[in-house]
Structures are given as C-alpha cells and as structure tokens.
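This is what each chain is made of:
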Amino acid sequence: MLAPHTPKQNHLPAALPAADYERLLPHLELVPLPLGWAVHEAGGAQGYLYFPTTSIVSLLSVMEDGSSAEIAVVGNEGVVGIALFMGGETTPSRAVVQSAGDGYRLRASVLKTEFGQGGDLQHLLLRYTQALITQMAQTAVCNRYHSVEQQLCRWLLLSLDRLPLNELTMTQELIANMLGVRRQGVTEAAGKLQAAGLIHYSHGKITVLDRPKLEARVCECYAVVKREYDRLLSRKPAIVDPLS
Amino acid sequence: MIETVLNLLPLPSVGPPTTQSKRERAGQVARRASIENSLLAAVPRKEYRRLLAGLEPVTLTFGEVLYEPGETIRHVYFPGASLVSLLTLTDGHQALEVGLIGREGMVGIPLVLGHNVSSVRALVQGTGTAMRMTSAHFRKEFGLSLPLQQVLYRYTHTLMAQISQTAVCNRFHVVETRLARWLLMTHDRVKSD
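These protein sequences, in sequence, are chains B and F. Numbering-wise, the first sequence is residues 1 to 244 according to the working numbering. Numbering-wise, the second sequence is residues 1001 to 1193 according to the working numbering.
The hints are simulated quantities; they were obtained by calculation from the structure and are not laboratory data.
Residues on chain B that point at chain F, a partial pick, calculated with CB under 10 Å:
hint : residue
1    : 62
2    : 70
3    : 91
4    : 93
5    : 116
6    : 134
7    : 137
8    : 140
9    : 144
10   : 146
All C-beta atoms in this analysis are idealised placements derived from N, C-alpha and C, irrespective of residue type, glycine included.
Could you build the full structure based on these sequences and the hints that come with them?
Next comes the structure, spelled out in structure tokens:
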C-alpha cells in the first residue's frame, strides 16, 4: 500500500515548526502535476505557490523565437512561483512539469499574508531563493563551458535528488529541449553513459545504475549547487543563518 | 516600477552653499551620492534619512574585489556611478559574469535573503561612487523597514531574471550579440559613454 500524501514530502513544509505547519495545512491543496503542464507561462500572473512532492518542474527561459533553455529544476526541495513573494507580479521564466507527479499548492493571498508576518516560512522561502539563484548562475556557467555529456550528468543528478525514486520518465527530445542542445547530442551522451554502465535507458525511462560513477563524471556545477542547497536548507536554520 | 517610484518621490534637497561644519558637508556629499542609486531613492524620505546614518560614501576602483565566493559579506554596496560584476568561478578561475550591478541595484543580495555569505565574486568593473553599509547595520535596518524590504525583494527578482537571461544568452547567442547585450546593459547602468 502506498503511503498517504502529506505536504511534508516537500522539504520546506517539513522544516516548519509544528504550529506554523498546522496553520498552513488547511490551505495546502494536493494537486496532480502532469507531464508537460505549464505551471506558469513567461509573463503570466500566478495564482498559487506550488510545493512539488513527487514531481519535477523545470524553469525555462524563453527566447522571442520560441527556443528555450532550462535555468533551474525544482522538486521536493523547493517551490515554484517565487515571484509571488518577491513582489514581481509576473515572472520572465516559464515553469513546465518535466517529471509527472504530485504537489501541493497554496493560494497567493494566503502566502502573502504568511510571508508578510516574517516568520519561519518567510525565512525558509528566502533561503530557498538564495539557493535557486546559485543554481541559475551555475546553469549559466555550465551552458557556456561544459560538454553535453557533463550537462546531462548534472541534469540527471539534480533531478534525481529532487525525486523520491531513482528513476526518471523522460524522452531524449525533452532532455534536448531542457538543455537547449540538439537531440542527437543527447542521444550520443546518453549512449555513452549507458555503455559505461552508469544508466539504463529504455522506453522513455532513465534509471541510474551507478551513482558514484555518475558523480565522478559530472562537472563541478553539480557539487556547487548541491553544497549551496545543503548549506542553506539543512534543517538547522539557526546554524545556517547566523544573522537571524 | 522603481523608476516610477523614483519620479514620484521628492529628492532630498541640497541647500545653497553657506558656512557649514565639516559634518554637515559630509552629510551633503552623502545625500548627493546616495540618491544616485535608484533603490535608495525609492525608499520613503523618512526611512531614507534613517538609513543615511549608516551609509558611508566610498569610491569603488576598477579591479577591486568586494566579495569572494564562500566569504562572509562585511558590507552591502549601493553603486552610484560605479559598476560591479558578479562572477561565477569554475575550478577557481573567473568564468562568467552572471550579473551586472550599477545605480539601479545593490551588491550584497544574500543579506536580503537572510544570510551573509557570497556565492559569487563581486568585482568592480567601473570606477565610481557608491554608498556602503555594514552587514550588521543593514540587517537591522532591513528588518525595520517594510518599504526597504519591498524594494529589495523586487530588485532581487529582477536580478534573477538577469541571471537566467545570461544563461539562455550563453546557450544560444554568438559572441557579437552577447557583447552588444553587455554594452547596452553597462550603458543603462552608468548612463555615460
């Protein structure tokens, strides 16, 4: 039997003190996040903040000609819709479900009230934002300097860290769109990783077989991002933030 | 948005030259320099006056490093005529500019987000004026001032848009158009040729 869903499958609600969590709980609504669904469009207004639990959402920067590249992945460690509390009414990026699953959503008005009170939820969301900035900056560097194979390793590891399972449902075409590279480049890179016994890829499912080897092959970008998330979002905020 | 707020706000007046104490003159210099920065100018006048007590006018010099990745941030900077690059390092080498900050912004965004360590190198690209404030003072003022929080959260969000645009620009655009983007951004931020 499957364990029942709880918002605590996302690390941010899980890190809240009991009183804050209980107050939010009635407002957290379980929603399915189907593959390819746009959580928000570039320039669109957002009505909810999303806490993915078993899904992954890609933040994509979209060019005028329609081409796009992923600038960050969000899963059970984060939220989608930071424009709601950062005060921009709209966001320049597009958010698309990249791995289907579930999540919880919180109405914008409730979020704004909670955030305005300056408690633990505000602190957590701001620290998450800092970690997200690091991920975006590192993605920019990775896009510029690293091979498609290294980028694919980074993308697999970042995605799997954000999911409860060791398996991703994904087509090579989608991966190519995420990374903003040609599909053939992804096919070649995935073929090499499979031949080396690091991953198994079939029928749109990618399973990681040898994670240590995958970590050995990835560019430093993965470790930079992971370190920053661990530092900022470990469950001991008092140590993470000496200022508060 | 910030520009709109800026236009609506009365600027702190600078009186006619009279005999002044050294302290008053320093105060005037501070006022003139600080309103060069759009974020400070967007804070209501009363709060701005309180901020002024903790702001110190400085000159940032080309090549000066304000922060290194992993280091504790000691001051935040509000550039006036100066220009600061945020650089991500790869294998310890300067790799890529992910943000460019001039009079429209602030250097030291991690403090806005509640912690005091920089994840990037902040390097002065254009010599010029700036106002700086110690991290401790900034955190105190930031906690007290809702308008300052709103202005800086919003600015942080625009900086994130800049970072993501950099990511996608690096992916798709050739050096020539990237250079053009950089020149335009620089020009917007220093308002000079």
